[in-house]
Amino acid sequence: MAMNAKIRTLILAAAAAALLLPLAPLLMWSAVTYWRWPVVLPQFDGGYWAKLLTDGRILPALRNSLILSVLVTFLSLALSFFAAKTLGVRNFRGKRPVEFLLLVPAFIPQIAVVFGMQTVFMKLGLYSNFAGLLTAHLVFYVPYATLLLSAVFENYDVSLEEQARTLGVGRLKTALFVTLPAVRPGIIVTGVFCFIGSWSVYLLNNVIGDPRFKTLPGVIFPLVSVGNNSYSTMAVAMIVYILPVLAILALTSHLYVRTR
Amino acid sequence: MSYLQLIGVAKTYKGASAPVLKDFDLSVEKGEILVILGASGCGKTTALKIVSGLERQEAGHVILDGRTIDSLNPEKRSTAMVFQKSLLFRNMTVAENISFAPRLNRAMSKTELRRKTEEMLALLRLEGMGGKRVTELSGGQEQRVSLGRALMTEPKLLLLDEPLSALDTHLKWALLAHIKELNRKLGATMLYVTHDQKEAAAAADRVAFLHGGAVTRCAKPYEFYSRPASQAEADFFGWENRVPAEKEGTRVRCVLGSFEIDGAKGKDGGGWLYIRPEATENIGGGRLRGVVSSVMPQGMETVYELLCEGMRLKLAVSARHAFAAGETMTFDLNPQMMWPVASDPNE
Chain S
114 MAMNAKIRTL
124 ILAAAAAALL
134 LPLAPLLMWS
144 AVTYWRWPVV
154 LPQFDGGYWA
164 KLLTDGRILP
174 ALRNSLILSV
184 LVTFLSLALS
194 FFAAKTLGVR
204 NFRGKRPVEF
214 LLLVPAFIPQ
224 IAVVFGMQTV
234 FMKLGLYSNF
244 AGLLTAHLVF
254 YVPYATLLLS
264 AVFENYDVSL
274 EEQARTLGVG
284 RLKTALFVTL
294 PAVRPGIIVT
304 GVFCFIGSWS
314 VYLLNNVIGD
324 PRFKTLPGVI
334 FPLVSVGNNS
344 YSTMAVAMIV
354 YILPVLAILA
364 LTSHLYVRTR
Chain L
101 MSYLQLIGVA
111 KTYKGASAPV
121 LKDFDLSVEK
131 GEILVILGAS
141 GCGKTTALKI
151 VSGLERQEAG
161 HVILDGRTID
171 SLNPEKRSTA
181 MVFQKSLLFR
191 NMTVAENISF
201 APRLNRAMSK
211 TELRRKTEEM
221 LALLRLEGMG
231 GKRVTELSGG
241 QEQRVSLGRA
251 LMTEPKLLLL
261 DEPLSALDTH
271 LKWALLAHIK
281 ELNRKLGATM
291 LYVTHDQKEA
301 AAAADRVAFL
311 HGGAVTRCAK
321 PYEFYSRPAS
331 QAEADFFGWE
341 NRVPAEKEGT
351 RVRCVLGSFE
361 IDGAKGKDGG
371 GWLYIRPEAT
381 ENIGGGRLRG
391 VVSSVMPQGM
401 ETVYELLCEG
411 MRLKLAVSAR
421 HAFAAGETMT
431 FDLNPQMMWP
441 VASDPNE
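Same order as they appear, the protein sequences are chains S and L. Residue 114 is where the first sequence starts when you use my numbering, and the numbers rise one by one after that. Residue 101 is where the second sequence starts when you use my numbering, and the numbers rise one by one after that.
Chain S with its partners taken away, still in its complex shape (with noise of 0.2 Å):
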């Protein structure tokens, strides 16, 4: 018993070390000012983190991002779950078809799509505005939600609803103490992917968005262009845009774990 906890602190240690070994050079670039041929030792400084952070457009971008990937991952796992539901627990005629459908966001590029989005979202008064934007995002992460949830259902025994109602409890609360829980870990594994998938778009951002609410990405991108020859720059925007997503799948992995 002794030795598998030990085991498994190694293992979760290695892990650990994959995720974030990566992220040391960023780290270190980011309070660098100079550190090149013939200079051995590199100069620090904490002054990119201060004009990045005190850089009125950063905090603003965060926030937003936060708040629309927020949004997406929920509205997509609500919108999802019952299809999801149905694609995963039920057979029924043209199955398959309906999930290759749902693939299709996946397949066709990016880019092809929101340009024929933005004529249709013009007419739709969906256009530079945040219902617009938000409304965008759903049109690709809600497929997939449904895709990934239906895997989830596949393995799902149904019968625990039944056993629920058999006991006098009413659709609802099945729903909530029942069929949530039993699901919760693969709610949670299409949520982060969610939330990832939302919190990388640049192009839907830029293209259909609001230009009043601009996103992380939409802030970020430039300052890692070809055109900027500051590593520190880019570290420093790098990790702020990475740190959300690794606290994210910290809490996430938490909860998965206590899940299960």
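Hints in this document: simulated from the structure, not taken from any laboratory. Remember, predicted model here, so these are calculated numbers, not experimental data. None of the hints are false.
Derived DSSO-like pairs (lysine-lysine); straight-line CA-CA distance at most 27 Å:
1) 232/L - 286/S
2) 286/S - 185/L
3) 114/L - 208/S
Starting from the known structure of chain S, fit chain L onto it as the hints suggest.
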């Protein structure tokens, strides 16, 4: 009027060529254990699901305690069901599983709920295990928790869908004794489904034999063992041998001889004489002779397959007698373990 009545129930599944239930009638009295017995796929579980509301019938009615419950959802029927799998909620403890329904429905105060849960744990002989996770339980304990969870709802009718079939033999009989004890102590009315005739005989106050989508007979278990009413019943209840026969009153003639069978009713004429494997007597000194073709030792007795007067018979003989394949056995047959059955025109 019976406590539970199913009248003329019919059900055909989508895409199926024949109905799984048709003209299905059944009556269950308050406080009894009625077992629906039949071969796999004969519609037993469908009947149970129709009573619980998980399936809807196309025709007929379900009346429970004087009230027609056809249109009610499962949660409104005052029935509770125990499935073949224990279907415990893995994210809850044993006590949380047992108190599941009254807790969610706020059917009682927290103090009362705690007290009743403790009482149920004691009744299930699971004292001190309320805080355990259900993943720590054995198969028998899991099924007892499932039973307790259903009984906590104080249902008018407890439905048991092959609740013991996933358990090993020892646990199975122990839990069956427990179910009967609960029935006696709580006076719970139970509708129990199984395909195992021994389990049915042990559990039932009465057995309803389901064949061809309908209940062909509802009687005490012993009736089926001693007096099968049809070929299907005889085949199902371990009447392993049958020979073509002519019946005239209580006398039945066949290639094995002429036998006087007490209480043989039914119409005279051609049919079958069914013979239980245990009918063998007077081994080594009897009138009949058979050549042994196979030997299947089964502990205290051995089952022989032998050829006698052109008929293939399966006979159980005490293990004291030992015959090898190819040897000749002489024996008699006890008429008390024979029963004539009229031919089934559908067979």
